[in-house]
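Enquirer: Take these sequences, add in the hints, and give me the full structure.
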Amino acid sequence: MRSARPVGLLLSAAAVALWAYGMTTWQPLTEPLGPWSEHLPGNNTYWARDLRFMAIMAVPLGLVLAGRGQVRWGGPAVVLGGCWVAADVVIDRADVIGFDATVRLAAAGYAVLGVVAAILLCWERRTPQTREPGTTPAADRRVLTGAACVAGVLTLVAAGMESPTDREPELNQGALVTAALLVALAVGAALAAAPTRTRARVGLAVGLTVVALFGVGLVRATAPGTRLLPEVALGAVLLTGVTLLAWDWPGGRPIWWHHALAALIALVGPVAFLVATAIPMMIMMPIGATFTELAGNSPIHAADSDLLVSLAGLLSGLGMAVLLARPSVEDRRQLR
Numbered sequence: 001m002r003s004a005r006p007v008g009l010l011l012s013a014a015a016v017a018l019w020a021y022g023m024t025t026w027q028p029l030t031e032p033l034g035p036w037s038e039h040l041p042g043n044n045t046y047w048a049r050d051l052r053f054m055a056i057m058a059v060p061l062g063l064v065l066a067g068r069g070q071v072r073w074g075g076p077a078v079v080l081g082g083c084w085v086a087a088d089v090v091i092d093r094a095d096v097i098g099f100d101a102t103v104r105l106a107a108a109g110y111a112v113l114g115v116v117a118a119i120l121l122c123w124e125r126r127t128p129q130t131r132e133p134g135t136t137p138a139a140d141r142r143v144l145t146g147a148a149c150v151a152g153v154l155t156l157v158a159a160g161m162e163s164p165t166d167r168e169p170e171l172n173q174g175a176l177v178t179a180a181l182l183v184a185l186a187v188g189a190a191l192a193a194a195p196t197r198t199r200a201r202v203g204l205a206v207g208l209t210v211v212a213l214f215g216v217g218l219v220r221a222t223a224p225g226t227r228l229l230p231e232v233a234l235g236a237v238l239l240t241g242v243t244l245l246a247w248d249w250p251g252g253r254p255i256w257w258h259h260a261l262a263a264l265i266a267l268v269g270p271v272a273f274l275v276a277t278a279i280p281m282m283i284m285m286p287i288g289a290t291f292t293e294l295a296g297n298s299p300i301h302a303a304d305s306d307l308l309v310s311l312a313g314l315l316s317g318l319g320m321a322v323l324l325a326r327p328s329v330e331d332r333r334q335l336r
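With my numbering, the residue at position 150 of the sequence shown is 150, and numbering never jumps.
Just so you know, the hints here were simulated from the structure itself, not pulled from any lab data. Just so you know, these numbers come straight off a predicted model, no measurement behind them. Built from N, CA and C at the ideal position, the CB exists for glycine as well. A portion of the hints provided could be inaccurate.
Stated by the list, open to error - Simulated restraints on C-beta separations: (1) 285 <-> 167: 29 to 35 angstroms; (2) 323 <-> 122: 32 to 38 angstroms; (3) 3 <-> 275: 34 to 40 angstroms; (4) 250 <-> 169: 44 to 50 angstroms; (5) 304 <-> 127: 49 to 55 angstroms; (6) 79 <-> 125: 18 to 24 angstroms; (7) 272 <-> 98: 38 to 44 angstroms; (8) 331 <-> 104: 43 to 49 angstroms; (9) 233 <-> 110: 34 to 40 angstroms; (10) 94 <-> 256: 49 to 55 angstroms; (11) 78 <-> 330: 22 to 28 angstroms; (12) 207 <-> 250: 37 to 43 angstroms; (13) 79 <-> 287: 18 to 24 angstroms; (14) 218 <-> 168: 15 to 21 angstroms.
Expert: Right, dumping it as structure tokens:
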């Protein structure tokens with residue numbers, strides 16, 4: 001897909017702006033006043049951190065899309081994401097706030113993104129091309145489909161984000177914008193993974209985007225605590241749509257029973273993976289509490305849990321990628 005590069009870089013740039021705004025505007029709203037035990041925060045208090053981490057994850061996902069799934073783009077993109085999280089913790093500890101801080105952080109983020117993208121572009125131009133013009137190798141297609149799966153699961157996490165009070169208008173705004181960005185990444189990566197960009201696939205991509213954005217709005221409009229069913233439906237539609245966009249259509253038509261099986265996996269898989277990753281993180285690996293301490297924020301009350309749902313979403317997305325990132329018919333035959 002020729003437009004993959006500008007679209008991927010544009011979405012990465014949007015993620016940078018979202019991260020900067022989340023750090024300087026939403027994060028201060030989540031930090032309680034006073035260290036006293038009766039004021040210790042509860043579950044999901046640091047929702048701004050999770051939305052911000054998902055924006056950070058969107059940066060390398062956009063670079064993977066811009067690189068059309070090439071390893072020379074994907075590897076540095078993952079490293080950049082890890083370094084960005086480390087920088088986020090340091091900046092969070094500094095308690096930056098205000099419009100000027102937003103502009104400075106966004107400018108710094110754009111500078112870093114620009115340097116990394118320029119290096120990757122130069123590296124690509126100096127490396128001999130082994131692919132045929134207008135084609136995407138099977139390995140790159142799998143990477144793009146996997147990126148679409150990760151973005152799809154993160155969409156569910158962002159759309160369903162809650163807080164202890166569930167009354168913050170900023171939470172609704174942040175969840176909607178973050179989920180919309182991830183929807184665009186999921187659909188864009190899936191379309192880039194397609195063997196050919198036909199009119200039918202483009203129309204399907206547009207329709208999937210509209211339906212997924214409507215689903216995100218439906219999840220946010222549902223009362224907290226009752227969002228499981230619309231989240232499951234959103235995940236099933238979005239991830240099944242990813243397979244329809246990315247997988248081969250032998251003879252010009254999808255293999256419908258393959259997509260029916262993918263729909264079943266998409267219906268059950270995200271929730272199963274989220275539960276399977278969240279429970280160990282709450283019981284055995286207090287990763288969220290570690291990040292809270294490193295950022296200098298108040299610890300979560302002992303009766304509650306400091307769950308880093310963005311990380312659970314990332315791991316769950318990778319799990320779904322193992323199952324669904326099989327765009328060619330031969331890839332799927334290996335499962336038999």
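Enquirer: All hints, please: hold or fail.
Expert: Here is how each hint holds up against the structure:
no. : hint                            : in the structure
1   : 285 <-> 167: 29 to 35 angstroms : holds, 31 angstroms
2   : 323 <-> 122: 32 to 38 angstroms : holds, 36 angstroms
3   : 3 <-> 275: 34 to 40 angstroms   : holds, 37 angstroms
4   : 250 <-> 169: 44 to 50 angstroms : holds, 49 angstroms
5   : 304 <-> 127: 49 to 55 angstroms : holds, 50 angstroms
6   : 79 <-> 125: 18 to 24 angstroms  : holds, 21 angstroms
7   : 272 <-> 98: 38 to 44 angstroms  : holds, 42 angstroms
8   : 331 <-> 104: 43 to 49 angstroms : holds, 45 angstroms
9   : 233 <-> 110: 34 to 40 angstroms : holds, 36 angstroms
10  : 94 <-> 256: 49 to 55 angstroms  : holds, 54 angstroms
11  : 78 <-> 330: 22 to 28 angstroms  : holds, 26 angstroms
12  : 207 <-> 250: 37 to 43 angstroms : violated, 22 angstroms
13  : 79 <-> 287: 18 to 24 angstroms  : holds, 20 angstroms
14  : 218 <-> 168: 15 to 21 angstroms : holds, 19 angstroms
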